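Number of protein chains: 2
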Amino acid sequence: MLNQVLNKIDNVQEESITVWCDFLKFPGIGTDPTHHADCRATANWLEAYMNGFGLVTSQHETTGQPAVIGRWGQEQSHLPHVLFYGHYDVQPVDPLNLWHAPPFEPRLGKTERGRPAIFARGASDDKGQLLTFLEAIRIWLSVHGSLPFRLTVLIEGDEEGDSEHIARFLEKQGKALKADIVLICDTEIWDDDVPAITTSLRGCIAEDVIITGPRIDLHSGYYGGPATNPIKVLSTLIAKLHDQNGRITIPHFYDGVKPISKVKAAQWASLKFKAKDYLGEVGQTTASGEKGFTLAEQLWSRPTCEVNGMWGGYQGVGAKTVLPAEATAKITFRLVEGQNPKKIRANFRKYLKSMLPENCKIKFATHGGDSTGIAVDEKSPWVKHASAALAEEWGKPTALVGSGVSIPVVANFKDFQNMESLLIGFSRFDDAAHSPNEKYDVECFHKGMRSWARLIGKVAEGKIK
Amino acid sequence: MLNQVLNKIDNVQEESITVWCDFLKFPGIGTDPTHHADCRATANWLEAYMNGFGLVTSQHETTGQPAVIGRWGQEQSHLPHVLFYGHYDVQPVDPLNLWHAPPFEPRLGKTERGRPAIFARGASDDKGQLLTFLEAIRIWLSVHGSLPFRLTVLIEGDEEGDSEHIARFLEKQGKALKADIVLICDTEIWDDDVPAITTSLRGCIAEDVIITGPRIDLHSGYYGGPATNPIKVLSTLIAKLHDQNGRITIPHFYDGVKPISKVKAAQWASLKFKAKDYLGEVGQTTASGEKGFTLAEQLWSRPTCEVNGMWGGYQGVGAKTVLPAEATAKITFRLVEGQNPKKIRANFRKYLKSMLPENCKIKFATHGGDSTGIAVDEKSPWVKHASAALAEEWGKPTALVGSGVSIPVVANFKDFQNMESLLIGFSRFDDAAHSPNEKYDVECFHKGMRSWARLIGKVAEGKIK
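In the order they appear, the protein sequences are chains A and B. Reminder that position 243 of the first sequence reads as 243 in the working numbering, one-by-one numbering, no gaps. Reminder that position 339 of the second sequence reads as 339 in the working numbering, one-by-one numbering, no gaps.
Don't read these hints as lab results, they were simulated from the structure. There could be a bad hint or two in this list.
[Unchecked claim] In silico contact screen, one side only, chain B against chain A (beta carbon under 10 angstroms); selected entries: (1) 259; (2) 285; (3) 292; (4) 295.
All values reported here derive from a predicted model rather than from experimental measurement. For each residue, glycine too, the CB sits at the ideal point set by N, CA and C.
Work out the full structure: start from the sequences and follow the hints.
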């Protein structure tokens, strides 16, 4: 049953690449109002494409760009229900002069490592990646006429922009979008040819902290000493947020954070994820985060508090003997599974207020978009059989990796539909997503389709119910 | 002998005010190249004016605006030698729309407190102030035909701009400008009608500190935790510069700093200089500097370390989950008598380097213009008899106060001519020096001239030799 599909995938590869390139021609930059008509056109194209292989499609208005939904076999309630999520919007293309060819005229070329690839904005993120799944579905349906699961496909147009649009949409849809699992194809393989499933994501909350002291900027000769300096106050507060071991000092900050299991620690150790290599590329030599944790642990399983920006006082040339009236810091926390964003925000504010010296005031601002940390249950049959399917295709054991980033929609699916997500992607680290000359290797596109076919095969075999 | 002069000062007051207003008409803004011809014209006027009452004058090129020198009685080596220093350049006048009348059209008006005053840029700082001395000399000479001391008057044109010009000039002049004492009229009286001598000034050194970490700004999802954050590093270094008592922690920082004598502490306590009043005006309630010291002590006798500006990372609207590659702070130290600026700079750099964590680098930049802290020997006959002279004129004991600011030229006179300075001024705190609608009370101008005449009288009586 599977082999027929794999063979057809191989045989119609040209056809799949043509579909891919058609999709890539739409300059659907969701954050740019001058491209909103292009987003609509992309959504129309997607609807027609999915309709063409048997999905029942619909287009949905959101507070941002339209979302497209495609469904198959909704009435067959005895089958498991899979929701596939992706996004058709792409990153802006500037700086355009660094592109070797126009970003919306996809072309087959070779990568620096000599591999055939399609170059275009969105080639990888996320058009190429999401098509690996949709093409696998298209071909499976063309071979067998049916799928072994109910399918809901949701492709949105605001992933690269404001994640609140899809959050509001998912909240509104509620149970109408409930499925057994969410499949997402927007992540990387591990180490070039080792397939990977991302089983954890960090959440994120953002806080601005503003310290005000004197009513106006002061002359440091007339006031230096007795007057409170907001930059010194803010620096001291920031310094106190971590102890000497890099551990965050906010009371109750680690409430709910689970210790890293021995199994997971061993799994990650086997990845040979080295600070020298990973951090070396950005000019760092060692993992300088929380003491007692490896690079992978610091990045994937431990929460952080980062200062993203800070400013106050005189920033021009030369010296100016001024005591500033105000200082500001932009702070974000990366959170892990078990931490409660709301409580952390409240404790953070309370903690800073408790340490505030005399003669100054503190204000806070936030920017919304809170997301919780996520960890997938690695014992679930989806993870187990997806691992096997990927390993069969790529010939190497599947790496179960974490990720330090936040994908808010994964938290939304958890919050609004109570669904777990399975993150499987085939992007390579040289894909230049978000950068000029974005590409996606033809090999990844092809093996990606075959990987999904193998996972569908596991469901067809009744291994996942 | 003195009374004749005091009477004449009173009798020719109109004449003195005319001289003052003539002087104020020159828009000699030294920092503005479009006003350099006006600076030259001011210098020419000054030379003619001093020449007119018997000084031998000369104009001197500097690396900035011309300096004017006037001398009297240089050959009379049995007399003490007084150098009077002032500046003819004035601050820029913007914002012009806040002036009630054109800033270089001096006019007699009334202050908000109902006192007659001349309003113009420079009315107080420093044209009005320096004329109190020169008019006293003019009138003394017109009455007696001679002075009881040799006199050198030095009026420069870069005080409001780059203090390096006069520093280079003084270094070049060396012993040619050596006198027994420098008199400077560029400070305030105390508490509206209490005369004051400023007996200490703080010095100043400036340092920029730049922390570099990652090669580029990093995504806090992919690198947050293991990568070193330069803002956190810089904040921590800044926080460590003071201990919990507000004492600076740099090794050897307090070397050479003398304890405050009981006499001085009592003197300052008697001034009733209250944090609530002084700091209240700028929105502060208590003197929050070094613990165990009063407001006056924190401001006048204790060195400080201030962060004048700091910045790094994202400073725009909303959140950006970035780890910055760099963070910068602009720091100045106010120094007191006994501290060595060079050693403090070296110890500061060494100290920060010693605390630098892994994965980052530190760079320093300076801006020149170092100045040492200054304390005048309060037992010198100049201080003693000037105090008496002022008290006789104003009817209240003279306050011996400190100042937290730096007047680099005072350090220059100390360094290049080994001269002490006596700072006596008649400015009131509502003079709005540097601000729109600058003024100088006619009372201050008049009593200022009489105060100087009384000091000249002390020398004439042989009390100062």
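Hint check:
1. 259: With a minimum Cβ separation of about 17 angstroms from chain A (threshold 10 angstroms), the hint on residue 259(B) is violated.
2. 285: Check passed: Cβ of residue 285(B) comes within 6 angstroms of chain A, closer than 10 angstroms.
3. 292: violated, 13 angstroms
4. 295: holds, 5 angstroms
The structure fails to meet hints 1, 3 from the earlier list, while all remaining hints are met.
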